[in-house]
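Student: Listed below, chain by chain, are the residues.
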Amino acid sequence: GAGVSQTPSNKVTEKGKYVELRCDPISGHTALYWYRQSLGQGPEFLIYFQGTGAADDSGLPNDRFFAVRPEGSVSTLKIQRTERGDSAVYLCASSLLGTGNADTQYFGPGTRLTVL
Amino acid sequence: AQSVTQLGSHVSVSEGALVLLRCNYSSSVPPYLFWYVQYPNQGLQLLLKYTSAATLVKGINGFEAEFKKSETSFHLTKPSAHMSDAAEYFCAVSDRGGNTGKLIFGQGTTLQVKP
Chain A
120 GAGVSQTPSN
130 KVTEKGKYVE
140 LRCDPISGHT
150 ALYWYRQSLG
160 QGPEFLIYFQ
170 GTGAADDSGL
180 PNDRFFAVRP
190 EGSVSTLKIQ
200 RTERGDSAVY
210 LCASSLLGTG
220 NADTQYFGPG
230 TRLTVL
Chain B
4 AQSVTQLGSH
14 VSVSEGALVL
24 LRCNYSSSVP
34 PYLFWYVQYP
44 NQGLQLLLKY
54 TSAATLVKGI
64 NGFEAEFKKS
74 ETSFHLTKPS
84 AHMSDAAEYF
94 CAVSDRGGNT
104 GKLIFGQGTT
114 LQVKP
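Protein chains in written order, with our numbering: chain A, 120 to 235; chain B, 4 to 118.
In short, the hints are calculated from the structure, not lab data.
Each residue gets a CB set at the ideal place from its N, CA and C atoms; glycine is no exception.
Mixed in with the good hints there might be a few duds.
[As the list claims (entries may be wrong)] Here are the computed distance ranges between Cβ atoms for each label pair:
#1 A:Glu139 - B:Lys71: 39 to 47 Å
#2 B:Pro82 - A:Leu235: 44 to 52 Å
#3 B:Gly11 - A:Thr223: 31 to 39 Å
#4 A:Tyr137 - B:Lys71: 41 to 49 Å
#5 B:His85 - A:Arg141: 34 to 42 Å
#6 A:Gly135 - B:Lys61: 23 to 31 Å
[Said to hold, decoys possible] Residues on chain B that point at chain A, a partial pick, calculated with CB under 7 Å:
#7 Tyr28
#8 Val32
#9 Tyr35
#10 Gly46
#11 Leu49
#12 Lys52
#13 Thr54
#14 Thr75
#15 Ala89
#16 Thr103
#17 Lys105
#18 Phe108
#19 Gly109
#20 Gly111
Required output: the full structure, derived from the provided sequences and hints.
Tutor: Right under this line is the structure:
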């Protein structure tokens, strides 16, 4: 079956530009997560959606980062005024239920963002 | 706050040798613990997870891990390494019964398998 997909796979942008990264979760999964993985590091949590609502956005580094999931399926991570330090691989994951249980999170292949 | 420490950013073993990847966690509440593997240019894939009283957890591809509360450890082992096991391995913890299922990851261990 279809897994988590992310588009684009690679994005190169210039400092100061706006970017949008898209995540298509596994159909029927209510929980969706965004993580950021810098070179040589483990993934770092950014934001968690339960359905349409952002249940935990404590990992967003600042107000340049924003994410939406308007219909409870596809999610878009938006980054304004990009900085070179935003360069990383952005990972999306989905799970069936979320909410403090041990649901397996299924990860997409990631979007590699490079800010020049 | 929860945290994970993976001892050894790089581990090299010979094909057929024992694989041991170390993970220690810190958590103020009983944790859920996970091992994920990441192959080049692929997404993270779950190897195994600890969720219950069964302290020895068996996963895919012949891997297993043992939860030791007294040592706050969850080390990953495999009796005999294959060349195909070469990848990046991540240990992660999440909060049992918490409001989210967010994962806190370690920094990862790169496993190299020599012929």
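Student: For every hint, state whether the structure bears it out.
Tutor: The hints, checked one at a time:
1. A:Glu139 - B:Lys71: 39 to 47 Å: 44 Å, holds
2. B:Pro82 - A:Leu235: 44 to 52 Å: Holds - the Cβ-Cβ distance for Pro82 of chain B and Leu235 of chain A, about 47 Å, lies within 44 to 52 Å.
3. B:Gly11 - A:Thr223: 31 to 39 Å: 26 Å, violated
4. A:Tyr137 - B:Lys71: 41 to 49 Å: 48 Å, holds
5. B:His85 - A:Arg141: 34 to 42 Å: Holds, at about 35 Å.
6. A:Gly135 - B:Lys61: 23 to 31 Å: 50 Å, violated
7. Tyr28: 13 Å, violated
8. Val32: 10 Å, violated
9. Tyr35: 4 Å, holds
10. Gly46: Where the cut-off is 7 Å and the nearest Cβ of chain A is about 4 Å from Gly46 of chain B, the hint holds.
11. Leu49: Holds, about 5 Å.
12. Lys52: Cβ of Lys52 of chain B sits 6 Å from chain A, so the hint holds.
13. Thr54: At about 4 Å, which falls below the 7 Å cut-off, the nearest Cβ of chain A leaves the hint on Thr54 of chain B intact, so it holds.
14. Thr75: 18 Å, violated
15. Ala89: For Ala89 of chain B, the interface hint is violated, since the closest Cβ of chain A sits about 17 Å away, which is over 7 Å.
16. Thr103: Status holds, d = 4 Å.
17. Lys105: Nearest chain A Cβ about 4 Å off; hint holds.
18. Phe108: 3 Å, holds
19. Gly109: 5 Å, holds
20. Gly111: 5 Å, holds
Hint violations for this structure: numbers 3, 6, 7, 8, 14 and 15, all remaining hints satisfied.
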